[in-house]
Amino acid sequence: MKKTILLTVFSIVLLSCGGDKKNSTEAIIESGNLEQLRLKRTEIVKSADELSKELKKIDDAISLVDENHKETLITTITAKDTVFRHYLELQAEVQTKENLIVNAQLGGILEQLSVKEGQRVSKGQTLGRVDDGGLTQQLSQLEIQATLAKTTFERQKNLWDQKIGSEIQFLQAKSTYEGQNKAVQQLKKQIAKTVIQAPFSGVIDEIISEKGTVVGPGTPILRIINLGNMYLEADVPEKHINTIKRGTEVIVNFPMLNETIKTNITLVNNNINPANRSFKVQVQVPNKSGLIKPNLSSKLNINDYSNKSVVTVPMSIISENSEGEQYLYIVEKSGEKNQTRAKKVIIKTGKSQGDYIEILEGISDGDLIIKEGARSVKDGQVVSITK
Numbered sequence: 001m002k003k004t005i006l007l008t009v010f011s012i013v014l015l016s017c018g019g020d021k022k023n024s025t026e027a028i029i030e031s032g033n034l035e036q037l038r039l040k041r042t043e044i045v046k047s048a049d050e051l052s053k054e055l056k057k058i059d060d061a062i063s064l065v066d067e068n069h070k071e072t073l074i075t076t077i078t079a080k081d082t083v084f085r086h087y088l089e090l091q092a093e094v095q096t097k098e099n100l101i102v103n104a105q106l107g108g109i110l111e112q113l114s115v116k117e118g119q120r121v122s123k124g125q126t127l128g129r130v131d132d133g134g135l136t137q138q139l140s141q142l143e144i145q146a147t148l149a150k151t152t153f154e155r156q157k158n159l160w161d162q163k164i165g166s167e168i169q170f171l172q173a174k175s176t177y178e179g180q181n182k183a184v185q186q187l188k189k190q191i192a193k194t195v196i197q198a199p200f201s202g203v204i205d206e207i208i209s210e211k212g213t214v215v216g217p218g219t220p221i222l223r224i225i226n227l228g229n230m231y232l233e234a235d236v237p238e239k240h241i242n243t244i245k246r247g248t249e250v251i252v253n254f255p256m257l258n259e260t261i262k263t264n265i266t267l268v269n270n271n272i273n274p275a276n277r278s279f280k281v282q283v284q285v286p287n288k289s290g291l292i293k294p295n296l297s298s299k300l301n302i303n304d305y306s307n308k309s310v311v312t313v314p315m316s317i318i319s320e321n322s323e324g325e326q327y328l329y330i331v332e333k334s335g336e337k338n339q340t341r342a343k344k345v346i347i348k349t350g351k352s353q354g355d356y357i358e359i360l361e362g363i364s365d366g367d368l369i370i371k372e373g374a375r376s377v378k379d380g381q382v383v384s385i386t387k
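Residue numbering for the sequence shown follows the working numbering, beginning at 1 and increasing consecutively.
Just so you know, the hints here were simulated from the structure itself, not pulled from any lab data. Heads up, a few of these hints could be off.
No more than 30 Å apart at the CA atoms, straight line, and that leaves these computed lysine-lysine pairs for BS3-like [as the list claims (entries may be wrong)]:
#1 Lys97 x Lys245
#2 Lys344 x Lys378
#3 Lys245 x Lys299
#4 Lys123 x Lys46
#5 Lys97 x Lys80
#6 Lys344 x Lys80
#7 Lys371 x Lys57
#8 Lys116 x Lys97
#9 Lys150 x Lys174
#10 Lys97 x Lys150
#11 Lys189 x Lys123
Put together the whole structure using the sequences plus the hints.
Encoded structure:
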């Protein structure tokens, strides 16, 4: 029945146009007259639009009277207000401020190394010792001299308090005592430099100089790392300066570990790098497993935008017309038989995240949006919803 009606319509159109129309079109094309060509094009477009409208009317009529007419099968999703979050993805490497090479402060032979690689140590713990080159003996002599200077000073002070002796003798004794005391303290500081201590609690990651090695000031002895105080540092484009702040939620993914953690931005630098127009942010990284290491690659997903109540839909069901407007289809009941039909709706979209995009205008909470079949239906077409 549908084919019969369509053939009738096309026959009417062909008869109305007649064979002269084709010849007339060819003649105009051959003439090359731009004005006539444009007029002819306008005439044909107008006829095509009228024909399209007539065909739609016939299709609607067929759907009403043809019991065997097959409705287009679709699936739908119900529009619901939900929380939408957009994330800025950046690359970053794990860093730690407590990753230090401990150097010798005094020259000599590394006579003691009391730790091994992988050993956990505490802050202030003795890790090794450099031969002091006889400084301890010098200290003993200085301490004896300092003791004598102290006794002399105390006796001169007692005499001076009794107004016995000269002031110059008292001052000389005092000066000698103070000088000897400072010399002892200075030598003790030098001897203290022969002891290699842990600057913070951590793990001995590498032994660089072995026991018995001759070292000098600045010679690397070992590396110590604290894996419990890790952070990530990333460069953020300056256009996000208003949306990314201290406390902003961050999802950190470590591809090599197949591990994801949630944390927050702990520091936002105020300085913008003029070379790449970006600013640095830091993110603390808890390392309970101990598997996160310095320089490990990671992906930061920083929550730079949130909408607490908005409808989101898959981007795959959204189309765009010739005027640049975006649209999708919803279903509604209409017509004499209250049939389920597709309705074209112009929408305004916002930000996207993954496969979904937020709908700012055009869709309301509770609307039935066509999902499967969205690319094949037309406005006003009768459809059948499948589960």
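Comparing the hints with the structure gives:
no. : hint            : in the structure
1   : Lys97 x Lys245  : holds, 22 Å
2   : Lys344 x Lys378 : holds, 8 Å
3   : Lys245 x Lys299 : holds, 18 Å
4   : Lys123 x Lys46  : violated, 88 Å
5   : Lys97 x Lys80   : violated, 46 Å
6   : Lys344 x Lys80  : holds, 19 Å
7   : Lys371 x Lys57  : holds, 26 Å
8   : Lys116 x Lys97  : holds, 22 Å
9   : Lys150 x Lys174 : holds, 8 Å
10  : Lys97 x Lys150  : violated, 46 Å
11  : Lys189 x Lys123 : holds, 19 Å
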